Amino acid sequence: MPIHLLLLAPLAMLVGATSGFVGRGQRPAFSSRVAEAVAVVAIVVAVAASIALIRFGPGTSALLGIGDLGFAVRLDALSVVMLLLVSFVGWVVVRYSRTYLDGDRRQGIFTGWLCTTLACVMVFILAGNLVQLVVAWIATSLSLHCLLLFYPDRVAAQRAARKKYVTARISDIALIGGAVLLAVVYRTGDIAAILAAARGGSGGGLTVGAAGLIALAAVLKSAQFPSHGWLTEVMETPTPVSALLHAGVVNAGGFLLIRFADVMLTAPGVLAVLVIVGGFSALFGGMVMLTQPAVKTSLAWSTIAQMGFMIMQCGLALFPLALLHIVAHSLYKAHAFLASGGAVDAVAAIRRPGPVAIPQPAAVARAFLVALGLYVVVGFVFGFQHKSPQAIALGAILIFGVAYILAQGFADSAPGALTRRTAVYAVAASVSYFALQAGAQWTMAGTLPPTPSPGPLEWALIVLAIISFGVVAVAQAMFPLWAYHPAAAGLRVHLSNGLYANAMFDRLLGGWSLDRPSSPVRSKI
Amino acid sequence: MNALVDTREFDRPTTLAAANAAAAIPPAWPLASSVAVNPFLGQASETLAHVAARLRRVAGTSITMPRAWYRDRIATGAIDDADLTAALAAAPDASRPITLAALKAALSTDAPAGSAIPTVADLAAAISGVDWPGLIGDRIGAWAAGYFDEGQALWAAPRDKGAYAAWRAVATHDLTPEIAGLRGFAARVADAPATADAAIEHAARDLGLGVDGLESYFHRLLTTLAGWAQYARYRRWQAELVGDRDDTIVDLLAIALQWELALFGQYRNAIADPWRASVARHNAPVAATADDIVDAIVQEASERAAQRDLAAMLAVPTAAGSGTRPRLQAAFCIDVRSEVFRRRLEGVDADIQTIGFAGFFGLTAAHRRFASDVTELRLPVLLNPGLMTRSGGPADQTADLAARFKARAARAWGRFKLAAVSSFAFVEATGPIYAGKLLHDAFGIGYHAAPDDPPPYPDPMLDQAVRTATAESVLRAMSLTDNFARLVVLAGHGANVVNNPFASGLHCGACGGYSGEVNARLLAALLNDAAVRAGIAERGIDVPTDTIFVAGLHDTTTDAITLYAADTPAPAHVADIAQAKSWFAAAGFLARGERALRLPHASGGGSIAHRSRDWAEVRPEWGLAGCRAFIAAPRSRTAAKPLGGRVFLHDYDWRQDSGFGVLELIMTAPVVVASWISLQYYGSTVVPTLFGAGDKLLHNVTGGIGVVEGNGGVLRAGLPWQSVHDGETYAHEPLRLSVCIEAPTAAMSDILRHHSGVRDLFDNRWMHLFALDDDGRIAWRYTGELDWAAEGERPIAHG
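Protein chains in written order, with the numbering used here: chain Y, 1 to 525; chain U, 1 to 799.
Hints are not guaranteed to be accurate.
Lysine to any residue pairs mimicking SDA-like chemistry, simulated, CA-CA at most 25 Å apart [what the hints assert, rightly or not]:
1. U/K417 to Y/I466
2. U/K104 to Y/D172
3. U/K406 to Y/I466
4. U/K437 to Y/A357
5. U/K581 to U/D529
6. U/K161 to U/I127
7. U/K641 to U/T318
8. U/K581 to U/T547
Some chain U residues flagged as far from chain Y (calculated, every beta-carbon gap over 12 Å) [to be verified]:
9. A435
10. V474
11. T547
12. H699
13. G703
Just so you know, these hints were derived from the structure itself, not from any lab.
In this text, all values refer to a predicted model and were calculated from it rather than measured experimentally.
Cβ atoms here follow ideal geometry from the backbone N, Cα and C, with glycine treated the same way.
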């Protein structure tokens, strides 16, 4: 299969986009049907691509461009996995929008921008050349901007889009800088060639600079602290956009780090920063999420946390696991947003079966011990001995999470049946987690570099991560015992406001000002 | 500090004004059990024109459609000169247009856009260029969402103190106002009086408010809080119903005033003059303008136009009932959605009789469903519960426990999913499963079964006298006292939708926003009880021994009927039940076909079931959109007439109603509930910004109790835009309800005389009242002040 044919996926989406833009007016039934049909075509292309990859192996298409710079399609396990993910989520979102926006005056335009954004994301993940990568990265952001301002008159939409716009332009500059440095160092725009060279050990100070800029671009794109404000405020546009954003677009940063894994490995200092920024954002986002009473806002904070965790995985050089995280999180979050109308029923159901059993410290301690035991057993089944210390540490962090569900079952007031059920859940979650991890490692072997042995810096970070996640996990498990103490009241207020990073960003950009100039790129629709 | 003097001076006026302002706010029920509410509840004693003037001051909105809407309807002839003339003649206002020509001239121009009286925040925003009202909405919203949260956040906000104290504890920590440029806000809040009452008094003094304007200004502030104030008002409503009190809404007022005071402190010099003008406007009495009066007249004309159609429909003679024993009797809720199904069911076989009655079937149940500790008030919200009921008795104990363990494990899993560290494990271990869930929901696979708890029963059991009395009064209220069929189906109703925050609003309003099967099953069990039958026989209601009552549930989304036949084993009735099921299936098929014509992107009746399961569907059914009339008369008056699912139908035969006790019940309960529904649709259609829930595409469910549009800010109560508009046209024509009752006018006047609240609704034309004559034709129009006019003739004194 000629690798160029992969472009059929984004091309199909562009056909859908055109049909959307042309099909103006109310209830553009035909263009909505075309949009869903082309989304299915994109899935077919992605499936065909994975078959081709298995049969013929990875490769890069011929270049369309000047010298070594231009447009080329990369076929490898990473691009295929991402294409499968994006085309599937894209189809779900397009299908949803077809019904959801029925009757909206500008449904066709919405479909148009939705398909355009999907096409841009696909071109981005298929990029085999730096130029294509950068162009698609920027185009995705601009196209998304039009979706965020689908209701252009909403003041809050403008405020959020403006923050997003500023953040995105800084990340554009960082990525352009990184790409230029890479092209200068390796004298090519071909990504596979760059990766091979970097893996071979060539490069130097400029490569480290490139890794730093790529990391900056990724951190900004992934809404990491303190640049997260815009992500928690873009519910000002129809729900499918949130689903697409949180399940498709926000992953671009993580994808970038994984795509350039070989380059990133040349800069341990940059990776260390990613561990710290990602780890902090993960814990910060997770804590803030606990305080959020609105369902979509809570999901948005959850995305910040999950992206932080994924960035931390990249920082620990666990690239296949980061990819697994992207895929798993996207599927979960797309569903969570699209199904967020069920929140009324979900909240009403919480109280029906009676009070929650609150675990006492002894129960929490038992839960952590049992969870660690579980980890050891399951870990040996899946082959502990072959795992890197980083992966083992990550597994420990996840096991802290499993301890939480065990603790709920171990509470003194929990009946035996509940203890048994939660124990089954804990075992199932652990086994599933290790199986998926093994699957991710196996799938990406050869495509992504193995995790290097940790040096002193890495060891320090591993210990720091385990301790900080461990402390939060214990605090979480004993939550009701301390969270309502008056001493925690102030902490709750500051956390629920995201430590004011967003308020300061608003102040900086004049977010609450009435006479500020309108958003830099107004959708002309 | 000479606070004592000031306290004495302001104590009563501010407290009274705060209470009055709170009363002006309509309550909003939480979405888990939401019911329609008349948004003009606090203004029922005023006319539309007067309320228009009032709400313009406090909200800047108009409460009638734009003039162009009426002009179009006049141009097409939908509203004719006779309607306009009659509405003009009926207008109570002295300053109304003198002639029809003057009215039409006034209509030819658009009404001037109104604006609310500026608050301190509005004035501060104008002077400073900072969107203070937006910031206040955001900050109060952020706090209130946490304070009222029913369980969305795992780390709930403290709420053991009252709202005002809880807010102060938050506001003294929150740095956001200072970051945005409001200096010293937290310190000011820390120094504020400790109680809401004192804070309101101090604010009124510091802001220089006059006693006459207090209520108007407080109403203005509470209106800026939209759904938050309405939810607080609901809490007060619930408390007052049981003789308690709740001051949350007063606390909200005190909070809004703290913001006003802080901004006044910061911008005092710059806004002194315009603020004095605002205060003066609040001090002036509310008065309808000439434009308000014209709008009210033309609104009434549009209602009279619709009443002409209704009168013509009712004037068509119908055959009286045959008097032979029907093969099936089926009682449905008066809900307008039942009308389509009832007509179709009667059309299937001439021996089927249907009955319209309020869907809670007269049983005010506080119910605990199977495996649940939560008491659900399955009754009209105007009433207090009269009996405690539950599903699942001692025999179901094991199943009850098992269901609870399952639910608790699911809840533990839900916490695992959301907690700070475990959420990462959750995603990595189970994220891929969501590919399957996405496929499942994208295709709408699966079937949403009707509720199927074990039979409900009263706990504690009622004594025999109460049971007999209840059975008798319900049957008499239904005008069902003889000629019972072998099978009598009592059908409650509920909607069948997914992923819809407004699902409860589509359920049975008479059952408190829950589906109606519990009340129907309770009544069926009561009426099948041998001792009860013997008791009511002594009181003259002879239920044949071969009659059984079977509860059912009418799924209003798909027009399927579920029967709870297993509740009362009846081997002799197997064939009757099978026959009824096939009739229901046939009627459902026809009803779906009829309803599909009204639903956007529905391709015939066959597509209805699928759209009920479609998670992206924002218009699974039309609910009560289009409701315009209420008819209390024998079914024979309306049978076979195509009322289009727009009319509440209550069976009533005044000749059997000695003492008019049933009439009184109908006029004070179902009619009032119907007016709430009708006016909710009216408000959400005409003033969606104030009384509508906004755009479903942007809804963000907050605290499990309501929705905000987008990121946050104010809670939005009322109906979403998609529930009254299909994108191209209105699905609901904003008409105040026309109530038609076949009963003597004197009897109705007498009831109105004793129920001033109901009388207000008719006197100020929040509803229209008609009396039907012995042929079921509209004969008399209620003209207010207990007077009636023969329809088409001038008023005469009566009653």
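For this session: Starting from the hint list further up, note which numbers the structure goes against and sort them upward.
Result: 2, 3, 4, 6, 9, 12, 13
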